[in-house]
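Chains as they are written, first to last, in my numbering: chain V, -18 to 328; chain U, 70 to 462.
These are computed hints drawn from the structure, not numbers from a lab.
Mixed in with the good hints there might be a few duds.
Unchecked claim - Label pairs and their calculated CB-CB ranges:
1) 322/U with 180/V: 55 to 63 Å
2) 176/V with 322/U: 43 to 51 Å
3) 165/U with 99/V: 38 to 46 Å
4) 322/U with 110/V: 40 to 48 Å
Positions of the beta carbon are idealized from the N, C-alpha and C atoms, including for glycine.
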Amino acid sequence: MAIGSDSTAARSRAPLWPALGLLLLIVVNVLFDVLTTGGPGLFGQGAFLHIALRDGVPAGALIDVLNYGSTIVILALGMAPVIATRGVDLSVGSIMAVSGAVSATMVVGGTSSAAAIGAAIGVAALCGLWNGLLVSVVRLQPFVATLVLMVAGRGIAQMITQSQITTFHDPVLEYIGLGRPAWLPLPFPFILAILLFTATVLVTRKTALGLLLEAVGGNPEASRLAGVRSKTLICGTYVFSGMCAGIAGLIAAANIKAADPFHAGQNLELAAIFAVVVGGTPLTGGRFSLLGALAGGLLMQCLTTTMYARNIGADVAPLPQALVILAVCIIGAPAFRAMLRAGRAAP
Amino acid sequence: MRLSLSARHIPTLTAGLIMLLLFAFGALRYDYFFSASNVANLFGDYAYVAIAAVGATFVILSGGIDLSVGSIVAFTAVLVADLVAKGWHPLEAGALALVIGTALGAVMGLLIQVFELPAFMVTLAGMFAIRAAAFLIRDQSTGISHPFFRWLRSIVENDGAAGGRLVVVTTVAVVLLAVRLTVILWYDVRATSSTKAPTVAAIVARIFAYVAALLGLALARLAVKSFVLGGGRLSSGAMLMLAVVLVAFVVARSTRFGRNVYAVGGSEKSARMMGVPVGATKIGVYTLAGFCSALAGLAFTMYKQAGDPTSAVGLELSVIAAVVIGGTLLSGGVGSILGTLIGVLILGLIRLIIDFQGNLNAAWTSVAIGVLLLAFVGLQNLVASLGVRAAKQ
């Protein structure tokens, strides 16, 4: 697995593993459909691969993966640079809740959709800035700094909506989550995710930014001595992560046409971190892979959708997910591979 | 008895001072704040937090972190509720829950040590997995009722006078501890200031000493005067907490395991070279944390009389905040159980003040905890950099 290895070839191999994982999950689902008696078969109604046309738009489990997976992909795109600088952002779920709360409250109060969207993303970026300053200036450990907002953020979201689930009816906001463009009948969140992915890839790989981020994560001291402005860069990654969480929060709110400060973004921190890690960005920082984060995000969603297809509830689903995550982390750990080698070497 | 102060004691002393200040603020501003029943309730409400925080203290002292505390508490509560509903005796259910909690902690410790996975990652995964497992057992709150609890209450809390006396003793003990810390400060400040120019730390310490002494005396006077208000009784959870804190205090200071934990937290490399069993110690702290979290879950179950899989969300932040506020460095190696107890009491006092105030949203508690946590970690960083500068001079 590409985790922990260190060459450009490894980085370009990185998306291989989550892609394989995706394929494996799809195969598992298909097997369930085909092999259970009375099951829907390969393409029948209710099968995993079944794609129906509802109101002229494709729908089905695979489309769900693209739709809801976009949220995780967007979070993972923001998380990847953070992890690359040896940090982590545990507050993305709570920032999603705050962003949804801000947009819903403003729209219900009569503000224009554009202003509400701008404000929501702006507040999310501010949250990211808060995290970034705590990590880069106050030198807090990243998980502590973001843990604070992870808990306090929900309180803030609750205070914004006055502890209510705020419903709204705004076509622009709703389109963010539920829209299906006529010219490309895929879920709008997925299109957003692809656009964000393209933009991030261009900015990090076609400019020196990606290289500088990898330098800061790979060897912070050497980078500092080489004149890289690590504090600004690190702060910037958290701001970007916050903005991504803001966008994801808008999508999540649009999906239910309401802002839910209690449940929005719940458990998505782990999904995002895992998406990035399995996509080839080691937690120890350094090289990061955006394509890997994309594939990892889709993999995480496929895992969740598989749970739902097998009738495992949303509350219980984190159990097999966490176990899979741990298993993958173990397999990727250098210590594990050293043990395997030692095992093979012994006669 | 050697009384010594170094800059690293400042966070704990600050915490003690803040605790006294909060107590004084509440006592002066609200009626019945400084009454036996209120103090007893404070101890009872936060008993489970304190027990969990004791386990977390050992983990953080060793340089690690445990994010799964809240989930283990919820899981334990749900498990006990479910088993008691199915006819088990609470003691049997509690024993099983303790075994499972300890095992969970041990598994996480093994993963962290053997595979060298980051502690926050493993315990984060544990946090999600264990709470999901709680939902697997019961997906909604389940009440507990069993004659055992009535029996327990009758033994522990029946005699009002005895209960009230216990509270008085406990509070006076806490105040006396504060006074003792003050005395330590005073003597050490005098000792160092006579040999060289007072350092910043010494001046700050001297100010603390004066203020703490005054506050301690004022509170002691209040205690003697106003303890006739209300007949407070320490709940069984509170007594369990005091017992756990006492045992942990002894373990941390006087057992080999405790010494090893401090050594590993101070510097893993040095500890290894000294012959400290680093691996066993690290696995041990997570096992201990699992045990304490499960025990806290039992205290929580007794306190709430129910098992709810959605309970204790965010407990890990409160616990970490209590430990850090109490003077334990997040990087490990420095800290104390006493400090953690002070930290928990500070959290409880904040909550009490917000409750007594009445018109503040309960969400402010988490914000206040977050702010305090940040302030204290900032203070730790400041003290650490002051220490580095002093060492360079």
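Hint check results:
Taking the beta carbon of each, residue 322/U and residue 180/V are about 57 Å apart, inside 55 to 63 Å as hinted. Checked against the hint of 43 to 51 Å, the pair residue 176/V and residue 322/U fails, with Cβ atoms roughly 59 Å apart. For residue 165/U and residue 99/V, the hinted distance range of 38 to 46 Å is not satisfied, since their beta carbons lie about 54 Å from each other. Restraint check, residue 322/U to residue 110/V: a C-beta distance of roughly 43 Å satisfies the suggested window 40 to 48 Å.
In this structure, the hints that do not hold are numbers 2 and 3, in rising order.
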